[in-house]
Structures are given as structure tokens and as C-alpha cells.
Amino acid sequence: MLRRGFVRAMISVIVAPRALLSQQAGKTGLPPPAPVPWTLGLNPKTPLPQTEVADTITESEQRFFTAAQMATLVRLSDVFLPPLEGKPGALQAETPVFLDFLIGSSPASRQAMYVDGLNWLDAEAQSKYKRPFAKLDDVQVDALLKPWLRTWMNDHPPTELQENFINIAHDDIRTATLNSKAWSETVSGEPKDAAPSGLYWYPMQFQPEICSACSGSTGMPHVKAVPKASHKIPSYPR
Amino acid sequence: MTINEVFDVLIIGSGHAGGMAAKILTESGAHCLMLNAGPVADVARDAQHKAAYELPYRGFKPPGRLEHVFQANEFNANVWVDEQQVPYTFPAENPYNWVRVRLFGGRSLFWSRQSFRLSDYEFKAKSRDGFGEDWPISHADLAPYYSRVEEIFQVSGAMDGPPQMPDGNFVLDSEPWSESMRRFMEAGKRFNMPVCKQRRALGRDGLASSVNLLLPDAEKTGKLISIANAVVRELTVDKNTGQPNGCHFVDRLTHREMHAKARIVVLAAGTLESTRLLLNSKIGNSSGLVGRYLMDQIYGAGLTCSVPEARNGKATRELMGGGAIVPRFRNIDSKSDSFLRGYALNVTSSMGPVHPRNFATYGAELQRKIEEYHGSAFFMTIMGEVLGRYENHVRINKDKVDAWGIPVLHVETQYSDNEFNMAKDAVEVGSTVAEAAGFEVLSKNAVPNPPGYSIHEVGTCRMGDDPKRSVLNNWCQSHDHKNLLVVDGASFTSAGWQNPTMTILALSMRASEHLASEVNKGNL
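Protein chains in written order, with our numbering: chain A, 1 to 238; chain B, 1001 to 1524.
Hint data in this document are derived by calculation from the structure and do not stem from the laboratory.
Take the hints with a grain of salt, since some may be wrong.
Said to hold, decoys possible - The calculated lysine-lysine pairs, modelled on DSSO-like cross-linking and capped at a C-alpha distance of 30 Å, are:
id: 1; chain 1: B; residue 1: K1398; chain 2: B; residue 2: K1261
id: 2; chain 1: B; residue 1: K1314; chain 2: A; residue 2: K87
id: 3; chain 1: B; residue 1: K1061; chain 2: A; residue 2: K181
id: 4; chain 1: B; residue 1: K1124; chain 2: B; residue 2: K1482
id: 5; chain 1: B; residue 1: K1468; chain 2: B; residue 2: K1239
id: 6; chain 1: B; residue 1: K1239; chain 2: B; residue 2: K1223
id: 7; chain 1: B; residue 1: K1369; chain 2: A; residue 2: K135
id: 8; chain 1: B; residue 1: K1369; chain 2: A; residue 2: K181
id: 9; chain 1: B; residue 1: K1239; chain 2: A; residue 2: K45
id: 10; chain 1: A; residue 1: K146; chain 2: A; residue 2: K135
id: 11; chain 1: B; residue 1: K1261; chain 2: B; residue 2: K1239
id: 12; chain 1: A; residue 1: K181; chain 2: B; residue 2: K1468
id: 13; chain 1: B; residue 1: K1189; chain 2: A; residue 2: K146
id: 14; chain 1: B; residue 1: K1314; chain 2: B; residue 2: K1189
id: 15; chain 1: B; residue 1: K1223; chain 2: B; residue 2: K1482
id: 16; chain 1: B; residue 1: K1482; chain 2: B; residue 2: K1189
id: 17; chain 1: B; residue 1: K1126; chain 2: B; residue 2: K1189
id: 18; chain 1: B; residue 1: K1398; chain 2: B; residue 2: K1482
id: 19; chain 1: B; residue 1: K1220; chain 2: B; residue 2: K1468
id: 20; chain 1: B; residue 1: K1369; chain 2: A; residue 2: K87
id: 21; chain 1: A; residue 1: K146; chain 2: B; residue 2: K1126
id: 22; chain 1: B; residue 1: K1050; chain 2: A; residue 2: K87
id: 23; chain 1: A; residue 1: K87; chain 2: B; residue 2: K1061
id: 24; chain 1: B; residue 1: K1369; chain 2: A; residue 2: K146
Claimed, not checked - Only some residues are given here: those of chain B computed to face chain A with a beta carbon under 8 Å:
id: 25; residue: P1136
id: 26; residue: A1140
id: 27; residue: A1143
id: 28; residue: F1170
id: 29; residue: A1360
id: 30; residue: Q1367
From the three backbone atoms N, C-alpha and C, an ideal C-beta is built for every residue, glycine too.
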């Protein structure tokens, strides 16, 4: 109780001069500070506006891959994961455009693996079939890709350049597609078919109560609303 | 509490080691101050169930962040320590995966819960094979503490362990083995593989962490004060006595510099953070061994198999399911030519999906394979002992600081032929056993993940009886300062193949009780 009384006294000391200043301002005819405490009324009953994920309803700008590389990636995506059994394929999930964003945001080594890999694939197509990879038929594509496919364990993709690119790109294309909204809208509801989801942890860089205390917006020290002793402490039989 | 109060004990870190120290010491009557470098994780406030497509990177790890945290994805990216905010350095040719959590409760919030005791094959390893040092304690010294820890953490298991995996105080697992596991057991006999029930902490209410099993007991005493977001810069020393007397810390959010005072300092910040603190504080290192003998366990090598009879929707609970631990079986009754010590195998029979990367095909053919093999997976993964070597070490990098201006660690460690040969042996043995059991091997890998990946870093302040050859005594006290303890994994003299958590908890409990008794006797 003594501590609480002390805190209240401190608050009054901090608040009082501001209140006096405010009254003085009023006397000089200045308008009151506006807006009036703007968070007043924001509470758990406040309806939250409904929002959508941008890339599920709008078109994103392609920035990283060249037109030729993108054409190769589009063909590769369509081959690796075409529409099957009523599920969207990589193209319906807009996987190539997403990968343009993901790889364009990635460290240089990952960018180089994709750029070199797509260029190499196109060069192979030109060398063997005298046409770009994007224009190969299914048999030709299969003949180019199959020799490079490997089985591998988590965190240990093949280490050779071409195998590395083909197998990682395959994995990325599948993941980006299965994690898309288009895919989630077609799942059957069976456990093995469930849309990927999980517990997402927000950034914990700033704790709201600490930030409001240090922002100076109220000028009042942070006071815990609930006394420490009332925290629920689990008790287990031992 | 008063401003500038001198606490009985300052505990730095709130994970398993710090939580246990807080529980034991406050229950013994000590007034403790606990500092933790990060915030309290409140799942109701900080987390929300979301679909992968709702996240900016569709569930992929945010690019460029957490490059060395293989365990990270977009869902959990914000729980790990950011490598830009708290960097560390290493030689380009020998990367190190330092996987850190600074939330209140530390890594005890997320650990895998595998719960094993070390045996005298680890405590007295030098006496058996001549390498390294024996611990100054044996299993008999630690057994009573293991037993109490197992009770608190509700460790499930069966009393089926061979001498190299001592049994404990278990919630008994009496589930019958599935047929696929029985076939594995039979096939493993030619290698004298003891196949035992997994040992796992069940915890309470779905969690087995410092925050629900240890800290509440300390808080109940009314003798624990905890401060979040307190990044400790260095320990302080009394100018008159030369003994540690508190620490300087900086507030994580405001960067305000603060000072805490205590008669006794307990480091429990996690192996490498405790060691970094000692090195930055320049105390407790008369042996010159602080930072030396960094160890962990090799992970990443293993096999993915398929049980043919479980394919095409034929998996049943009688055929598939369950897990086993194969404790170390090499260099027990015979001697390997290619490596010292040994490895354990985690074995899992699963009715879940087989990952597409186990099939070298794509498109419609891959989809057929995925459906055909669903429910038939059988996994073996290694946990192998890394030898303690002087040259595997950490030191302070004076040229680089973290976000609070604290000099960072330079980690210089690499695996030797001993570890690589161990991984190779595990995959060869695993393949042989799988084929003898009638399983198809779909993929295998004999290359360990980078050091640190297992999140089982131990050593760097090893315990021993000789102050010239060790940093701590057998009570986890600094040889140089009896009021300075390190109760996390830094005290390990050898790593073993075991998940170190039970041993860290038991050592922290033992050290804290000894500390309390020394204080009561007036020896501190």
C-alpha cells in the first residue's frame, strides 16, 4: 500500500504541472490540443477491419529475373508441379512471380544459384534442341531434367552445381505452391491434405507497455495493472 | 526491495539452468535477482495461428536472416536471436550454427525434450579410452539429482536401459512395440544394438520448461525478483576483495546502463553466453581454459526408409508407429578402429507423409509416389559424441560488437575424422539393419550438419579437480572465485551422445544445494 501511495504521489507530481500549463494555455485563447486522447474507445469491443493478403488479389511487380530467366522458371514450375487431381499447379499459385520476389530478396549466393541455374538450363536446351527451355516439349524437358534429380535428406541437398539448383528449385517450387492461397482453397479437409499453417510469432522487439512508457506520450510511469501476487501460479502434485 | 539492494544471489539467465538455480536457492531462503536478456513470451499476445499464405514469405525463412539457424522458418523466425543484432564470427571455411533464444525461459521453451542421463561411460571416459579428462564426479554422485529432476519434468521411459544409458525415475511407458519396430530390433541384434523406449519429458500441461516447472516455485517463495530485457555487459568485481559482486547490464530497449549488486553470481546464460561474459569480464580464467574444449553432438546424418507392407494405404497401428532410442553401442564391448566413443540413433516409425525429396521424380509421377508411400516412413538419425579438443574454442572478437556495444564471440571449431567416421559408420550400419529388416532405403546422408546445429553446445568452462586443467570445481564453482558459479552446459568435461538437458538440470540443482549449504555454514 505504501508503494502504491508513493506511485500515486509521483503521478500527481508529474501530471500537475501539465494540468496547470493547460489551464494557462486556455486563458490565452489558444485552442485545446487536438485530437482529444485518440485511443479513447479502442478496446476489445472495437471491430477490426477485415483485410486480405495483397499478393492473393493484386499483381506484384516482377523485378529480379530477366524475361528469359522468367520464361525458363515458368516452364520449370509448370513441369515440376502441374495442376493435378483438381489442385492448382505452380502457375495457378503464381509461384514464379513469388519466387522472383523471394530470390530477389535473398542473399547473393542464393540469387547466383538461381540465375546461373536458369541460364544453364536454357543453354542446355539451346545446345541440345536449338530452342529455349521455355519452348521445349514435355519429352525434351524430361530428358533434360531427369538425369539431375536426386533423393536427399533435409539440410543436405546435392552439392554439385546443377544437381543443387534442380533439386532445390524443385523443393522451392513445391513449397511455394503448397503454401499458396490458391492451394489452401482446394484442400479436401483430410488431415494429410491440410493446408500448411502454424503458430506465427510476431516480432517481440518491443513490448507495448514498455514502449508506451518510454515514448513519453502520457508522461506517466508505467504501473502494473495487476499486482504481482495475483499472477496465477501453477501448482503440480509432486 | 530497495534501490541498490545487494542481493544474495544474482542469476544471469532464465532457462533450465537458471530456473533450477532460482528454485533451489530461493527455497533455501536466498534473495535472488534474475536477469534475462530478452522479453517474456506471451503466446496470447505475441502469437497467432496463421496459414502459410498469410505470411509475407509464404512460410519460407525470411531471406538473409537467421542464416545459421536451420531450425527457423517464417512462423518461428522472431523467437530466435537475430544474427545481425547479436552477431558472432567464425572462419569462413568452418561455419558454426549458434542457435539462440533470449525469451524468458530461453531454449527451455522449445527443446526436443529427449531426456537422458550420462553414464560412467561418459563421466569416466578417459579411464576407458585414454582421451580427454574424466569428470570429477560419477553417475552415483548425480543420480539422486537426476531422479528429482525426472520427477519434476515427468520423464517418460521404460526401465530397459543398458549400463551406458542408466534407468531413472520414469513415468513408465508400457506401449507395445509396433511390428516395424520389432523388425528393426531383430535386425539390429547383429550389431548388439540395444533398442530402448524413447525417454522424453512430458512436463505439465503440454510444456516442460523453466517457465512452468521451475520459476513458479521460485516466485512462490517471494524471494525472486526477475528483470526482462537485461543484457549483461560484464560482471563487476569488488576492488577490495577481488571477488565478483554484481554486473553491469544494459536495457535491451532503451540502452540504459544499469548495475546490479549481489554477494554471489550464478551464470546460467547458456554455454557460450556465460563463457562470453567471463571472457568480456576478464575473470575466472587463471587456467587460461575459459573458452576451450567446445563440444556438441553431430546431427544431420541418417536415413529415410520405407516399410513396403505399409504402402498403398495399408499402414496400421500394429505395423507402424512409435519411436526408439538406440543408445551408444560402439566401443562398449568391442573397440572400433575408426573412431573413439560412439553415437546413438533416434529411430521413428511414422504413419505420416514421406517427403517428396525422397523420390527422384516430379509432376504426376511424384504425386503417385507420395500417395503410394504415405504412412510407410521409417527414420534413423544420429546423435554422436564430439570429442573435447583444446583447439576447438571461442574467444572475444575485439573488432566487432553487438547492438549494445558488447564485444562478440569468435567461434573456431571443426569436426575431426573421429566425428566424420562416426557418421559414416552410423549410415552404413543403419542401411544394413534397414535392409535386413526388409525396409527400402529411400535417402541417406553421412555428412554432419555444421557444429552447433544440435543446440547442444557444452564445455568451454569445464569442471575438474585440478585448477590448472579446469575452470570449475565439481560444484560448478570457479576455481578462482568461490562466489562465482557456472551452472549451464559450459561445465561439461565431455559431451556424450546424450541430449544434455537432464544433466544441466541435475548439475544446477546439485551446485545450488551445495551453494546454499556453504552459505548456511558460513563458508561463503
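Looking back at the hints listed earlier, which ones does the structure fail to meet? Hints 9, 12, 13, 16, 19, 21, 25, 26, 27 and 28 are the ones this structure does not satisfy, whereas the remaining hints hold.
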